[in-house]
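As given, the protein sequences belong to chains F and U, one line each in that order. Its first residue numbered 1, the first sequence is counted upward by one per residue in this note's numbering. Its first residue numbered 1, the second sequence is counted upward by one per residue in this note's numbering.
Among the clues, some could well be false.
Chain U regions said to be covered by chain F (calculated; three or more residues, Cβ under 8 angstroms) [claimed, not checked]:
| # | stretch |
| --- | --- |
| 1 | 285-292 |
| 2 | 436-443 |
No farther apart than 25 angstroms at their CA atoms in a straight line, the calculated lysine-lysine pairs in the DSS-like style are these [what the hints assert, rightly or not]:
| # | chain 1 | residue 1 | chain 2 | residue 2 |
| --- | --- | --- | --- | --- |
| 3 | F | K50 | U | K265 |
| 4 | F | K50 | U | K469 |
| 5 | U | K265 | F | K57 |
| 6 | U | K403 | U | K88 |
| 7 | U | K403 | F | K50 |
I should point out that these hints are in silico values taken from the structure, not numbers from a laboratory. Treat the numbers as computed from the prediction; the structure is a model and nothing was measured. No residue lacks a Cβ here, since even glycine has one placed at the ideal position from N, Cα and C.
Here is how the chains run, residue by residue.
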Amino acid sequence: MRNRDFSFWLFLTPVILSLSLVILVPFVYGFIYSFTNWNGMVATEFLGFKNYITLFKDADFRASIWFTTKFAICSVILLNFLGLGLALLVTRNLKTNNLMRTVFFMPNLIGGLILGFIWQFIFISVFGNIGELLGIEALTGWLSTTATGFWGLVILTSWQMAGYIMIIYIAYLENIPKDLLEAAEIDGASSFQRFRNITFPLVAPAFTVSMFLTLSNSFQIYDQNLSLTNGGPFNSTQMVAMNIVKTAFTENKMAFAQSKAVIFFIIVAAVAITQVYYNKKKEVDM
Amino acid sequence: MQTVSWNCNKTNCWTGKLMHRFYATVFIEKEKGRSLMKSKKTLISLVSVFLLSIFALVGCSSDDDKKKDSASGDQITIDIFQFKVEIKDQFEALVKKYEDENPGVKINVKTVGGGNDYGATLKTSFSSGEEPDIFNVGGPSSVEEYREYLADVSDTKAVEQSIEGTLTAVTDGDEVLGLPFNQEGYGLIYNKAIFEKAGLSTDDIKTYADLEDAVKLLDSKKDELGIDAVFALPGKEKWVLGDHISNMFIAPEFNNDITEAYNAKTIEFEKGDELKRYLDLQNSHSVQPVLSLDYSQQVEQLFSLEKVAMIQQGNWVYNSVYDMDPELAENGMGILPVPVEGFEGKIPAGVPMFWAVNGKSDEKVVQASKDFLDWMYTSETGKTAVLEDFKFIPAYKGYDATKIADPLSQTIYEYAEAGNTLEGWVYQAAPTGWNEETLGVNIQKYLSGDLKWEDLISQSRAKWEEERK
């Protein structure tokens, strides 16, 4: 802490500056614009809370919030489950450890847009053909109903992000002192007991981080949504981010979209902060 | 507080480091709290460094005023910002030719594609002061939005030669505020070979009843013809449902006049039943499920591989079909008008975009911009490029129809010259976003069985009225 002198701030300046220029300033501007009738170029009128009042009457926006919430719950559970599962798998001292880590992490390196199109092909053509061949009705017509669109998105996101979450869990798993586990083994603890009583509590901080990442990510998803379903059918798989973009650029209601974004920000921030707060309480000290 | 996480510094694993960084980011708030306790000196130094950097930043960006620069001396610089990515290279080649012919003019071309992206980028460049001298506007709503920037181009030759009806969207009193890019038209694109094999002649398809009979005939011979279905209805594409299909049945109630639709307070759906009938016909004879069927499946997969007999699309599909099957594209497909009662034998054609000249640019630049656009559409070099390189359907008279690159465009230009097109894509004049986000979405709901037709009409009307209050 002693070295927070001039040079400390000097080195920090580029970051603070760019952060405030690209995040803070636009945020403040956007917040102000959300109270006006801004059309992207000029704001001629101050509307007060009118945008916010209209917003709560917007059925599409409410539907998209609900859809996003459902999506976030499902994908957070699935992602953490998969991430931890994969991490346990690749920390088992198998020969293929490094290869598997790479393979599992790989989807994360492909852009969301491309992934969306790839999975669109898989869901529609591959699933469809397999379904037809084997006579499984459930595999045909994917993405043409709300339910399949929803699960399509969950599958896509889980597949993409599980490797990333896996990396976080690996870091914690590898730091669990071996002596603790050995001692428990000698005491006659079964492998499930060891996992339940030693491994699990010790990776709790990883839950905090992964939950935060998956939660905020699931709420803000846009590109996967755009390329996989584009909100279809009939905008029923439209997430909040997409609803905001459409309001702004398709319907050209910039200020209204901005007010939606402010509400969205508040929701995401509230959820994320609550989650971090509760998870932090559960972590154990060694 | 020593939590487990910090232990990971000891091991030298990269994953640990990565994780550590996440941890630090997430809980940076805690660090900030500590830093606030530091002395006032830190705060002062922070502020001074901050200010210094801002000065430095402002210093680098506040020089060169572009507008002054563009008209200085004999050299005139025109900045063009256009949206049609498909013609980017060809357009730049044409610009090069113009620059060679006119040494005093320098033209910079910037292309940003795709409807939404272009609009957003254009808006950004205007609000940031980097205004282009020539740009594109769509329907009346974007004309209104950019009204103060639009120069009157009625004194150009191109305006004189434009095809009747193509300028309605950009006419304001005596002023003409834009020049049409090109024309585009749509209808039922059919596979000639399949029609022939089924014993159908397109001359026999004039009225809606004829179309119905033809569809039934094709449907009964599906196996024999080797097709999956008669149509491929791309229910995923809200623009096909909400813009194109609907437009044919909405335009008549506004007398095919974009301006009338733009000022309309309500929409009656006078031809709503015909729209329903036509949609049902396509839906019940289409490859299923329609709601996940998109444009590329419709055109590239199903039509190009000859799995369907007809699709409702426009001349723009030519290139996609050509990539899949050149033979089919050049000789194997034709376009038929959709029979709308009272308008049989007419193809809906329209101008998707207009060239606009920025009236706030320097006077000399405005004139040079107009000269360039005039040259592009009226000189011989320009005309050749428009037809052969851009592969446009011209929105101007006096072009040699036989030189039009593809058969669909050729047919549409012939319809246009003979006065058999319905000028007026009134969907450009509906409340912004209404076609796709309201009507298109409602049609999707109707197709999936979640919405009754009467509700579709009433809900869509209500939204129109709400937007036009």
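These are the hints, each one checked on the structure:
{"no.": "1", "hint": "285-292", "in the structure": "holds (count 5)"}
{"no.": "2", "hint": "436-443", "in the structure": "holds (count 4)"}
{"no.": "3", "hint": "K50(F) to K265(U)", "in the structure": "23 angstroms, holds"}
{"no.": "4", "hint": "K50(F) to K469(U)", "in the structure": "16 angstroms, holds"}
{"no.": "5", "hint": "K265(U) to K57(F)", "in the structure": "22 angstroms, holds"}
{"no.": "6", "hint": "K403(U) to K88(U)", "in the structure": "21 angstroms, holds"}
{"no.": "7", "hint": "K403(U) to K50(F)", "in the structure": "56 angstroms, violated"}
The earlier numbered hint that this structure contradicts is number 7, and it is the only one.
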